[in-house]
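J.: Listed here are the chains, written in short residue letters.
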Amino acid sequence: MSDHNIKIDKKKLDKIATDVLKPVGFNNAFINWMLFLTMALVACIYAYVIQYNKGLIVTGMRDTVSWGMYIANFVFFVATALVGMLISGVIGLLGYQWIKPITRIAEIIAVAFAAVAGLVIVSDMGRPERLLNVFLYGRVQSPILWDVTVVTTYLVISLLLYLLPLIPDLAIARGRMPHAPKWQLKLYELLSFNWTHHPKQYKLLFSATRLLIILIIPTAFAIHTVTSWLLAVNSRSGWDSTIFGPYFLTGAFVTGMAAVIIAVFFFRNNYKLREYLNEPLFDKMGKLLEFVCVIYFYFNLNEFVVPAYKMKEFDAIHIHELFAGRHAVMFWLSQIFGLLIPMIVLLWKPFRKPLPLFLIALFVLVGAWFKRYIIVIPTMEHPFLPIQFLPGEWVIYQPTVIEGAVTIGSIILGIMIISVLAKLFPIIPIWEMAEEDEETKTKII
Amino acid sequence: MGSDSRKNELDSSKGKNSRRDFMRKLGLIGAAASTGAVVSGFTPIADTNEEYIKVLTADNKLVEIPKSQVKKVKLDTEVLQSRGRVGLAGKRWVMVIDLAKCRNARECIKGCQEHHHLHPYQYHINTLVMQDNPQSAPYNMPKPCMHCDNPPCVSVCPVDATFKRQDGIVLIDNERCIGCRFCMAACPYSVRVFNWEKPFREQLYQEEPMEYDVEANVPQRKGTVTKCLFSADCLRGGELPTCVRSCPNGVFYFGDQNENAVTNGTTRQTVVLSELLEKNAGYRLMEELGTKPRVYYLPPKDRVFDTPEKPDSHHS
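Top line first, the protein sequences correspond to chains L and B. Quick note on my numbering: the first sequence kicks off at 1 and runs consecutively. Quick note on my numbering: the second sequence kicks off at 1001 and runs consecutively.
Just so you know, the hints here were simulated from the structure itself, not pulled from any lab data. Just so it is clear, the structure is predicted and the values come from calculations on it, not from any experiment. A portion of the hints provided could be inaccurate.
[Unchecked claim] Not everything, but these chain B residues come out facing chain L in the computed CB check (under 7 Å):
#1 TYR1052
#2 ILE1053
#3 SER1190
#4 GLY1223
[To be verified] If you anchor each label on the Cβ, the simulated ranges turn out as follows:
#5 B:GLU1309 <-> L:LEU347: 22 to 32 Å
#6 L:ILE214 <-> B:PRO1311: 21 to 31 Å
#7 L:PHE323 <-> B:ALA1261: 21 to 31 Å
#8 B:ALA1100 <-> L:VAL329: 30 to 40 Å
#9 L:PHE304 <-> B:ASP1149: 26 to 36 Å
Think of the CB as a built atom: it goes at the ideal place given N, C-alpha and C, for glycine as much as any other residue.
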């Protein structure tokens, strides 16, 4: 609504601001946490330095399985980043109010995971120092070009969707944080762009945000569809699927929703925000997770049952490896504990309470990571022509410690970005929470 | 007037110019190919008293050009790159592999690995033991790059490091390659290999640095993809590819589709390509994928060798 006037309840605002701003700031516990993460990250970077110097021979990848855990991890990161679009874009545009306290958390996850996804893909390159070639000699026919374009666009839109609604909050926070260090206040001043809570400013903010959440929907569809096409454009069995785009997209909603639930649970307890990140909110998030799980299950059914029915020669080898072969344990664990059981138990309200939901989300997220592994690696192990006259370790893929370390490093980096943003700025949108309820219903639509 | 060989090749391939122009340009390419020189600032008006020299062109034609117009230059990477990306004008290279004759001597592999400085586990060409169905007998199948006319690897390359030349060859430029390995995922024939570690002849490169020749993909480079090149450097020199020449059993035929003739690498007998394929029911691998390979196989009928041992599994 362009003629919208914001009405903020002053008393409510005071209370919310006090609660939300209390955990903001770099305290000792946070600094210790960051020191720990930094040390772990340095070890992982060292592993990457070894890889850079010796070449990708230090990984488990060889000519047969030439894409391994890095690509699986990349797909996982892009998938998780998609939740920003699901929450702010789809659910927000539908006018649901309950997402208000978690929009910022979702955007933080989107920004962190999209940013790290770019680094993950660079760690997979044989010649990372030639990254600029992609821009110098880029060929528009290559899905990699499409991926670079849309991931960058998504990162920019997500960052804007994070920063824009932060403007009024930083203006509110500036006057309420007397003990904050000078640089932090300076940063707040800088990023609040002289915000005076004038109705005209709100009007501008609303139209800008509205435009962005409309734009982010096709962009998010594009990033994960294109990511799925990195695999689906190849004719190998297991990737040669026409539903890979929606299959990946719905899988991404599941992964991202699980990540948001884990983050919200953490902030609820550690930031003492139980009043805002409350049980009804968890119930809603649980229902949303259930919903996306059901859709994802439907696509899984199509993706595996149809080729399993026909059993065309190469599909049969692939399906056999997944159902009863070398990858069967991982396949069934990720499908049953990461999708099937969560989908069933979430139907009952007690499982949508904070702690059970948090545990379910953990299973879903870990299962989702292994699911990406299942999507990438088994297909590569079974090319059309036989693999012969090669040493055994060149045929079967086994990730190495270095690969593991670099992958863990990417996860640590993601957690670090989330940690810093969550301590630097308020984690819940103060002004949106303090708005009069009737008014906000028509805010965006 | 074009001053470098690349432009000349492009011009002559267009076929717009008169025959005299065409011959003159062939001369220029010949100068580049046979003496390692390219001509710059060529003036069409030639003095009748001037001394002429004979130059052999890339397609073995003897032509004359004025001596004063010839300028020798070093064949540096740039020249190697520009001519390597264009390819040999008027050619459409094609390979025919007679499966009835292959005994898996693996001489083609040895010659290839030597030529392209490969690790023992890196195959530009590999010979596989194939069995089409449980009833049919196993046979040996040499597998080079198919040099597809619709190459999936070239489509997916993000930086134009791998490319299709006018003479049908698919090459890889390891000075451009970023090592993303998308081409390896895209190739249905698994013919591409990666330099996972430092190259096999690293020491040689350090002792005597050499210019990078995209037509041989030598020197090899860590972190880049390499593949069968139909020995494009040999073809430029008028020779058959290394694997074709190395075979002791007469398995390989190689030649120009435009001439409709292929030469056997062992017997040096030249035969009519279309007849060879028609009479022997020549086929291409995985026709259904639409990749349009430039490598034809003759079925393993009336074999001259003993049946190889059955492969343990069709796919591993």
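J.: With reference to the structure, classify each hint as holding or not holding.
T.: Hint-by-hint comparison with the structure:
Interface restraint check: B:TYR1052 against chain L, minimum CB-CB distance 42 Å, threshold 7 Å, status violated. Below 7 Å, beta-carbon pairs count as interface contacts, and B:ILE1053 has none with chain L, the closest being about 39 Å; its hint is therefore violated. A hinted interface residue such as B:SER1190 counts as satisfied when its beta carbon comes closer than 7 Å to some beta carbon of chain L; here the least separation is about 5 Å, so the hint holds. For B:GLY1223, the interface hint holds, since its Cβ comes within 7 Å of a Cβ in chain L; the closest pair sits about 3 Å apart.
Checked against the hint of 22 to 32 Å, the pair B:GLU1309 and L:LEU347 fails, with Cβ atoms roughly 56 Å apart. Our hint of 21 to 31 Å for L:ILE214 and B:PRO1311 is violated, since their Cβ atoms are close to 56 Å apart. Separation of L:PHE323 from B:ALA1261 is about 52 Å and departs from the stated range, judged on CB atoms against 21 to 31 Å. Hint check: B:ALA1100 to L:VAL329, Cβ distance near 45 Å, so the stated range 30 to 40 Å is violated.
Between L:PHE304 and B:ASP1149 the beta carbon distance is about 35 Å. The supplied range of 26 to 36 Å therefore holds.
Checked against the numbered hints given earlier, the structure breaks hints 1, 2, 5, 6, 7, 8 and satisfies all the rest.
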